[in-house]
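Peer 1: Use these hints to put chain V with the ligands onto chain Y, whose structure you have.
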Amino acid sequence: MSDLSLRGISLTFPDGTEAIANADLDVSRGEFVSLVGPSGCGKSTLLRVASGLLDPTNGSVSVDASSVGYVFQDPTLLPWRTTRRNVELLAELRNVVPAIRRERAERILATVGLTEFADHFPRTLSGGMKMRASLARTLMLEPTVCLFDEPFGALDEMSRERLNGELIEIFLARNFAGVFVTHSIGEAVFMSSRVHVMTSRPGRLLEPIEVPFAYPRSPEIRFTPEFAAICGRVARALREATS
Amino acid sequence: MTVERSRSRFSRLVSVVVPPIAVGGVIIGVWYFFSYVVLDSDRRFLLRAPHEVVRKGFLDRENLGEILAGLASSCRVALVGLVIATILGLALGTLMSLSKVLERALFPYAVVVQAMPVLAIVPLVGFWFGYGFSSRVFVCVLVAIFPIVVNTLFGLLSADSGLHDLFTLHEASRATRLRKLMFPAALPAVFAGLRISAGLSVIGAIVGDFFFGQGEAGIGQLLKKYASRLQGEQLFAAVIVSSALGVAVFLVFGWLARAVVGKWSEESRGR
Ligand SMILES: Nc1ncnc2c1ncn2[C@@H]1O[C@H](COP(=O)(O)OP(=O)(O)OP(=O)(O)O)[C@@H](O)[C@H]1O
Ligand SMILES: [Mg+2]
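Those protein sequence lines, which keep their order, are chains Y and V.
Terminal number for the first sequence in numbering that gives the first Met the number 0: 242, no gaps in between.
Terminal number for the second sequence in numbering that gives the first Met the number 0: 270, no gaps in between.
Here chain Y stands alone, though its shape is the one from the complex:
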């Protein structure tokens, strides 16, 4: 049984918008899959369903809800808490013992390179640093399933590539099941072992495209012909999905 399993998910909003039609998705620990699709096709909605924030109209979700981590598109930090206290937030909500919480926060802050900024308030952090803090906050609970909704969409190319690499390192160290929504084909292929393409609304999932490169991947694989070929296949699937 996969750690996250969506079966025949359909979702129609109360206003009649049909967002998702019959989507299946299985992700297990050690797999990192990307989800790409045209804007408004229901990717965020699918993640919300997977996390339990939204109930599907039809279909079933099987996941241990308490071990899901969700990184939103915006960093959604509490502006009145320092980086450290933001990172500790979810552990507080889940009643992790203070001593363990602090020790873990210290370690994770170091992992995402924010130790120096632990006592800064969010308004003094750059966009990339805020996203790192958001990532760190999610990692605090050591989730087995991690959902990422275009986490680096708002960042510049350079920060983005760096964070891509760092996230993959974290993934390899922690071995969670990752679902990564993005608009960037290159990002999707570089990060994941499998790319799922979603059709225009109502979103369905097409046959996934496998990415055969072994982890850890060097940033240079982005410039190989094999990489380009896979990006081409994803692009073609996307064109097909939009028409």
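Accuracy of the hints is not assured; some may be wrong.
For each label pair, taking beta carbons as the anchor points, the in silico distance ranges come out as [said to hold, decoys possible]:
{"#": "1", "chain 1": "V", "residue 1": "8", "chain 2": "Y", "residue 2": "115", "range": "24 to 32 Å"}
{"#": "2", "chain 1": "V", "residue 1": "9", "chain 2": "Y", "residue 2": "109", "range": "41 to 49 Å"}
{"#": "3", "chain 1": "V", "residue 1": "116", "chain 2": "Y", "residue 2": "65", "range": "51 to 59 Å"}
{"#": "4", "chain 1": "Y", "residue 1": "218", "chain 2": "V", "residue 2": "99", "range": "45 to 53 Å"}
{"#": "5", "chain 1": "V", "residue 1": "172", "chain 2": "Y", "residue 2": "61", "range": "20 to 28 Å"}
{"#": "6", "chain 1": "Y", "residue 1": "165", "chain 2": "V", "residue 2": "14", "range": "31 to 39 Å"}
{"#": "7", "chain 1": "Y", "residue 1": "65", "chain 2": "V", "residue 2": "11", "range": "53 to 61 Å"}
{"#": "8", "chain 1": "Y", "residue 1": "16", "chain 2": "V", "residue 2": "262", "range": "35 to 43 Å"}
{"#": "9", "chain 1": "Y", "residue 1": "1", "chain 2": "V", "residue 2": "99", "range": "38 to 46 Å"}
{"#": "10", "chain 1": "Y", "residue 1": "65", "chain 2": "V", "residue 2": "249", "range": "43 to 51 Å"}
{"#": "11", "chain 1": "Y", "residue 1": "165", "chain 2": "V", "residue 2": "262", "range": "27 to 35 Å"}
{"#": "12", "chain 1": "V", "residue 1": "172", "chain 2": "Y", "residue 2": "97", "range": "17 to 25 Å"}
Below, computed lysine to aspartate or glutamate pairings styled on DMTMM-like, alpha-carbon distance capped at 25 Å [claimed, not checked]:
{"#": "13", "chain 1": "V", "residue 1": "179", "chain 2": "Y", "residue 2": "102"}
{"#": "14", "chain 1": "V", "residue 1": "99", "chain 2": "Y", "residue 2": "115"}
{"#": "15", "chain 1": "V", "residue 1": "99", "chain 2": "Y", "residue 2": "54"}
{"#": "16", "chain 1": "V", "residue 1": "179", "chain 2": "Y", "residue 2": "118"}
{"#": "17", "chain 1": "V", "residue 1": "262", "chain 2": "Y", "residue 2": "73"}
{"#": "18", "chain 1": "V", "residue 1": "55", "chain 2": "V", "residue 2": "39"}
{"#": "19", "chain 1": "V", "residue 1": "262", "chain 2": "Y", "residue 2": "160"}
{"#": "20", "chain 1": "V", "residue 1": "262", "chain 2": "Y", "residue 2": "63"}
{"#": "21", "chain 1": "V", "residue 1": "179", "chain 2": "V", "residue 2": "102"}
{"#": "22", "chain 1": "V", "residue 1": "179", "chain 2": "Y", "residue 2": "73"}
{"#": "23", "chain 1": "V", "residue 1": "224", "chain 2": "V", "residue 2": "102"}
{"#": "24", "chain 1": "V", "residue 1": "179", "chain 2": "Y", "residue 2": "141"}
{"#": "25", "chain 1": "V", "residue 1": "224", "chain 2": "V", "residue 2": "41"}
Stretch-level coverage of chain V by chain Y, calculated; a stretch enters the list once three of its residues show a Cβ under 8 Å from a Cβ in chain Y [said to hold, decoys possible]:
{"#": "26", "segment": "7–20"}
{"#": "27", "segment": "249–263"}
Calculated directly from the structure, the hints in this document are not laboratory data.
Cβ coordinates follow ideal geometry from the N, Cα and C atoms, glycine included.
Peer 2: For chain V with the ligands alone, coordinates are given in the frame of chain Y:
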């Protein structure tokens, strides 16, 4: 480097301090002009010259004592009124934020209280409850409560929906959500409301006292007395003192807001 730095700081200070002082000078000049050039000597009581106001209103022991006693009385009323309005306002705003039904039920009455002119409230309060301390405080509460209720309510509802999702995802209880998300999110708005209410409470204390016209004399009664006795110098002194109180309240609550939320709030930055 250091010299340049201190010079730029000095010039910044100059650019901050000089313009208002210049305007103040112009006002005093115009004041003298009216007092000595426009008004004949037998009508000069209408606008006494600034130094006369200072001499009779502020430097005369007896007059100053009377004005300060009035000020103290009005301050006490305004302060107690503000404290009660704050406690009630926070409670009402919080209740309304927790339940849509309560919000719909109570909000219209908050608006009614706000819309009632002080002039209408004061005689009624006096008529019902007499002219003592508690009636004055009651007037202050009525005029000061609205901004606190509204700002508490909207502040509590202002928390980002993404943050609410985060709390939902991690099964936060209602109390936790209120304590860790909604209350802190409301603080900047609450302090902005408090600043407005503090000013209103001062006005409520003075206006209430003015219309009651009896009981312990506050600034309001003094204003009335000086005007009816044509004591221009004292009247001006009392006006200046009450404006100074308003300004002081505005500054104190501005400072308080910066002290509490200034470190993290985006809005209160650089103000
Ligand atoms: N609460 C809602 N009520 C009604 N319709 C909604 C609601 N939330 C989203 N939708 C609609 O559902 C569709 C899918 O939205 P969703 O946010 O999942 O798209 P998306 O694939 O994440 O888009 P993007 O790539 O732009 O983020 C959109 O057409 C959107 O307008
Ligand atoms: Mg989206």
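Peer 1: Against each hint, give a clear statement of whether it holds in the structure.
Peer 2: Hints, one by one, checked against the model:
no.	hint	result
1	V:8 / Y:115: 24 to 32 Å	holds, 29 Å
2	V:9 / Y:109: 41 to 49 Å	holds, 44 Å
3	V:116 / Y:65: 51 to 59 Å	holds, 56 Å
4	Y:218 / V:99: 45 to 53 Å	holds, 52 Å
5	V:172 / Y:61: 20 to 28 Å	holds, 26 Å
6	Y:165 / V:14: 31 to 39 Å	violated, 47 Å
7	Y:65 / V:11: 53 to 61 Å	holds, 55 Å
8	Y:16 / V:262: 35 to 43 Å	holds, 42 Å
9	Y:1 / V:99: 38 to 46 Å	holds, 40 Å
10	Y:65 / V:249: 43 to 51 Å	holds, 49 Å
11	Y:165 / V:262: 27 to 35 Å	holds, 29 Å
12	V:172 / Y:97: 17 to 25 Å	holds, 19 Å
13	V:179 / Y:102	holds, 22 Å
14	V:99 / Y:115	violated, 44 Å
15	V:99 / Y:54	holds, 23 Å
16	V:179 / Y:118	holds, 18 Å
17	V:262 / Y:73	holds, 22 Å
18	V:55 / V:39	holds, 20 Å
19	V:262 / Y:160	violated, 32 Å
20	V:262 / Y:63	violated, 39 Å
21	V:179 / V:102	holds, 22 Å
22	V:179 / Y:73	holds, 19 Å
23	V:224 / V:102	violated, 44 Å
24	V:179 / Y:141	holds, 22 Å
25	V:224 / V:41	holds, 21 Å
26	7–20	violated (count 0)
27	249–263	holds (count 3)
In this structure, the hints that do not hold are numbers 6, 14, 19, 20, 23, 26, in rising order.
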